[in-house]
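Taken in order, these protein sequences are the chains called A and B.
Residue numbers for the first sequence follow the working numbering, beginning at 1 and rising by one.
Residue numbers for the second sequence follow the working numbering, beginning at 1 and rising by one.
Any given hint might turn out to be false.
Derived pair list, reagent style DMTMM-like, types lysine to aspartate or glutamate, alpha-carbon separation capped at 25 Å [said to hold, decoys possible]:
hint, chain 1, residue 1, chain 2, residue 2
1, A, Lys90, A, Asp6
2, B, Lys112, A, Glu14
3, A, Lys90, B, Asp115
4, A, Lys112, B, Asp131
5, B, Lys45, B, Asp131
6, A, Lys90, A, Asp115
7, B, Lys45, A, Glu22
8, B, Lys90, A, Asp115
9, A, Lys90, B, Glu17
10, B, Lys90, A, Glu85
11, B, Lys112, B, Glu5
12, A, Lys45, B, Asp115
13, A, Lys90, B, Glu85
14, A, Lys45, A, Asp115
None of these hints come from the bench; they were simulated from the model.
There are 2 protein chains.
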Amino acid sequence: MRYLEDFSEGQSFELGEETIREGEIIEFARRFDAQPFHVDPQAAKSSIYGGLIASGWHTASLFMGMLVRGLLHDVASMGAGGIDEMRWLKPVRPDDTLRGRLTVLGQRPSTKHPDRGLINCVGELFNQNGDRVLLIRWSAMIARRPGGVTVTPAGAPAKERT
Amino acid sequence: MRYLEDFSEGQSFELGEETIREGEIIEFARRFDAQPFHVDPQAAKSSIYGGLIASGWHTASLFMGMLVRGLLHDVASMGAGGIDEMRWLKPVRPDDTLRGRLTVLGQRPSTKHPDRGLINCVGELFNQNGDRVLLIRWSAMIARRPGGVTVTPAGAPAKERT
């Protein structure tokens, strides 16, 4: 299990890949984002997108799925308070294969809760052409290692607590 | 059908309400965010949340569903480029009834595309106790009215084009 102390600036994690199908795009959008360019292939053709595209909420949810399966399943994750920025940079279309990546920008212990901290990170999805289709910036809340290494105010590692 | 010109600063739209059930929370999270506090009621009890909570991506998607059914179904919506900020302010739990609201902060024509513009807006969800559980800020892309009212640089409405 990875804890807050196992993350540091500059780390990058490949999260695997997933191919998205027309049926799933339409199914998700019928429930959550039933705009014509997400649910109706014919209407989508005459939209500015020229064809059916995935809801941005679907794309973001696919990224989250990859993040959990590719990394968080083995992290003492405690959730998150929100998203600082999300960009849907290119349309996601049926049969696109999306590849996920997480990059750690920084890490800090919580000032309020001694048992946890935040990692500031960027999530990205790329399609099969290498185009970046999604960017998400946020801070993930992660538990500190119980009885683990403590860090002095100056930032130097202190001895193990036992 | 509403176009860009039909939106202005300070407008507020009530988007209806929806009750979220444990089964849906678990189903969504199994597919997209299978962290223990989203998929396992027993494990969730011993988490910092004290019980099962909805994935933030599920909550955001529920908001989007309300926005489409409550407003966008009758708007010349062209999608969005992303989200400027999203906050999951309180946990969303099984049987919570969520009420949605959209507030328009401003409106501007696109400088690149004469056929469209952006409305800057804030979306909110409130639970049955009146607690705000979700806040989303973003700019929605909306078509301008075809052959509609033009606005002079000074902001005064010009005569109808025909």
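(message) For a C-alpha distance cap of 25 Å, please report whether Lys90/A and Asp115/A respect it.
(response) 39 Å, violated
(request) Mind checking the alpha carbons of Lys45/B and Glu22/A for me, to see if they're no more than 25 Å apart? (result) 37 Å, violated
(request) Would you check the hint for Lys112/B and Glu14/A, treating anything up to 25 Å between C-alpha atoms as holding? (result) 36 Å, violated
(request) Would you check the hint for Lys90/B and Glu85/A, treating anything up to 25 Å between C-alpha atoms as holding? (result) This hinted pair holds, its Cα atoms lying about 19 Å apart.
(message) Between the alpha carbons of Lys90/A and Glu85/B, is the straight-line distance 25 Å or under?
(response) 19 Å, holds
(message) Hint check: Lys90/A vs Glu17/B, CA-CA at most 25 Å. Holds or violated?
(response) Violated. Lys90/A to Glu17/B sits at ~31 Å, over the 25 Å cutoff.
(request) Sort out whether Asp6/A lies within 25 Å of Lys90/A, counting only the CA atoms. (result) With Cα atoms ~33 Å apart, Lys90/A and Asp6/A exceed 25 Å; violated.
(request) Measure nothing beyond the straight line between the CA atoms of Lys112/A and Asp131/B; if it is 25 Å or shorter, mark the hint as holding. (result) With a Cα-Cα distance of about 22 Å, the restraint between Lys112/A and Asp131/B holds, given a limit of 25 Å.
(message) Tell me if the straight-line CA distance from Lys45/A to Asp115/B falls inside 25 Å.
(response) Satisfied, since the Cα-Cα distance of roughly 18 Å is no more than 25 Å.
(message) Given the hinted pair Lys45/A and Asp115/A, is their Cα-Cα distance within 25 Å?
(response) 52 Å, violated
(message) Check the hint pairing Lys90/A with Asp115/B against an upper bound of 25 Å on the C-alpha distance.
(response) 20 Å, holds
(message) So if I understand the rule, the pair passes when the alpha-carbon distance is 25 Å or less; does Lys112/B with Glu5/B pass?
(response) 17 Å, holds
The structure fails hints 1, 2, 6, 7, 9 and 14 (numbered hints given earlier, in ascending order).
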